[in-house]
Amino acid sequence: MSFSAILGAWIAAFLTLGIFSYLYRDNPFYKIAEHVFVGVSAAYVAAISFWTQIYPNLFGRLFPKDGPLAFTGLEFDFNHEFNILYLFPLLLGVMMLVSVFQKFNWMARWGIAYTVAIAAGLKAFGYLNSNVLNQVKASSVDIFSGSLPLFSLGGDSIFNNIVLVIGTLSALMYFYFSKEQTGNFGRFTRLGIYFLMVSFGASFGFAVMGRISLLVGRFNDLIEYSSADYNYATLGVLVFIIVTLGFWSFQNPERKEN
Amino acid sequence: MKFLEDLILKLGAVDRRVIFVLIGLAVLIPLLTPISLPVRETPTTVKFYDGIEDIPKNSKVLVSFDYGPSTRPEIHPMNVGVLRHMLRNGHQIYISCLWPDGIYMALDALEEITDEDNPDNVSTFDIKEYEDYILLGYRPGAEAVIKGLASDLRKVYTVDANGNFIDDIEMMDGIKNLNDFAYIYSGSAGYPGTFEWVKYGGDPTGVPMSSGTTSVQVNEVIPYVQTGQLIGLLAGMPGAAEYEKLINVPGIAIQGMAAQSFAHIVIVVFIVFGNLAFFIKQRRDRKY
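These protein sequence lines are chains A and W, in that order.
Residues 1 to 258 (the numbering used here) are what the first sequence spells out, left to right.
Residues 1001 to 1288 (the numbering used here) are what the second sequence spells out, left to right.
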């Protein structure tokens, strides 16, 4: 096992157990792990975004090899042709950056306005087509189709289609606020709440399942790092954290939770 | 009866750290002493498997790694399984990433399935870059990237992950946009991921697509399966375990299912006791 792999395992074990230590209470190990995560993530995304997008796609188009701006001495060969339109995003980007100075913070609004407008336009069609029209189409089912079985647990059936139609309509009606939800209408919308509750319950169940899966993943790694190949990284870090945390708790009793 | 009620009240008010320890043990013990529990395939997983089987042999397929280390335990086993399944059927794989660290997940997955000396062509393969697969790499921009791929892939990717010009790579011949792929798959952990691929990739182009998602997303993604916008779905680690069973290569997801089940039992028990304690306390408060 290489030195870098062993060092990586010790760091990974320390960060994982540092985050887990929060389950006991807020402590310096958790803070270290949290700050390292935030700092490294931000720096990593900034660096990779520059080298994979701004460098090849922006500079590569403004300063291509043998392009009209080659006289500046800047040349980036990414098989692009010169495109003057790319000055516009460069300008907006610079305007967003200079907004760190109080005097120029109005400049960021142009970039934000452009981004918001593009995002709104881009998302509107996609959302309408995929999440509205296709879903409405799929909800328009032939309830009493002769070709379907009366009941099926997994596939299409007459019973499932009835549940689908009633569930969709009652849940939608629950959000109709122009009529007081009383009488038969109120009973129908109450049915909609039950359908929504089932959906929320399923979401909660899936969320729990997801978190446990992640815990399984971390434990798998910790078990792997506890082997002799990694110089017992997990055990070493665990003992260190427990001893230090015990001492720290003893020194800081006033912070103990009730 | 009073003794039982008092016991339930005590269990309902147990320190949260005790619950953490019990859940930790419920996960740790089955991982240290593996227990084999039956895995039953759900219809969405079977549909997913059949969808990949239905791709004509030796096709060009796009696989997107849209996750990072934080969700690796759920998505990685799926993506490794999908790569194995696709390579078995002789497909050429084009790997894109909408997440910055997706490229490292892809490299890990490729390393896991590569064995140049003794490939069994079921779980390990003798694969060559630019012949069997190409790493297009990461591009920031989320839905804008997918929209770009749908109209002109070469505007989004002029170079691959190794910095080689796309135009010079033989495997890229005939690939102009998403319509030139037979299938799209996204292993997605959130934004950008499955939703964006459906809205800007699969739906506008009509190229068949499917996805593997984290458990948290399943409830929102599943309507796409019912409408046919997605051909099946791998839902979290259980979905990955079912898929591992279907492709007959048991892996880390199947190993994790016992731990998953025991942790769920502990959580359900505490939810039941918590609710019982709540109702008993409510009744006693009303009485006095």
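Some hints could be false.
Every beta carbon over 10 Å from chain W, so not counted as near; a handful from chain A, in silico [unchecked claim]: (1) P56; (2) E75; (3) L90; (4) V100.
Think about it this way: if two alpha-carbon atoms lie no more than 30 Å apart in a straight line, the pair counts; the simulated DSS-like pairs of lysine-lysine are [unchecked claim]: (5) W:K1047 - A:K65; (6) W:K1155 - A:K123; (7) A:K123 - W:K1128; (8) A:K123 - W:K1057; (9) W:K1047 - A:K123; (10) W:K1176 - A:K123; (11) A:K137 - W:K1147.
Derived by calculation from the structure, the hints in this document are not laboratory data.
We put the beta carbon where it would ideally sit given N, CA and C, even for glycine.
Quick rundown of the hints versus the structure:
| no. | hint | verdict |
| --- | --- | --- |
| 1 | P56 | violated, 6 Å |
| 2 | E75 | holds, 15 Å |
| 3 | L90 | holds, 16 Å |
| 4 | V100 | holds, 21 Å |
| 5 | W:K1047 - A:K65 | violated, 49 Å |
| 6 | W:K1155 - A:K123 | holds, 21 Å |
| 7 | A:K123 - W:K1128 | violated, 38 Å |
| 8 | A:K123 - W:K1057 | violated, 35 Å |
| 9 | W:K1047 - A:K123 | holds, 29 Å |
| 10 | W:K1176 - A:K123 | holds, 24 Å |
| 11 | A:K137 - W:K1147 | holds, 24 Å |
In the structure shown, a violation is registered for the earlier hints numbered 1, 5, 7 and 8, in ascending order.
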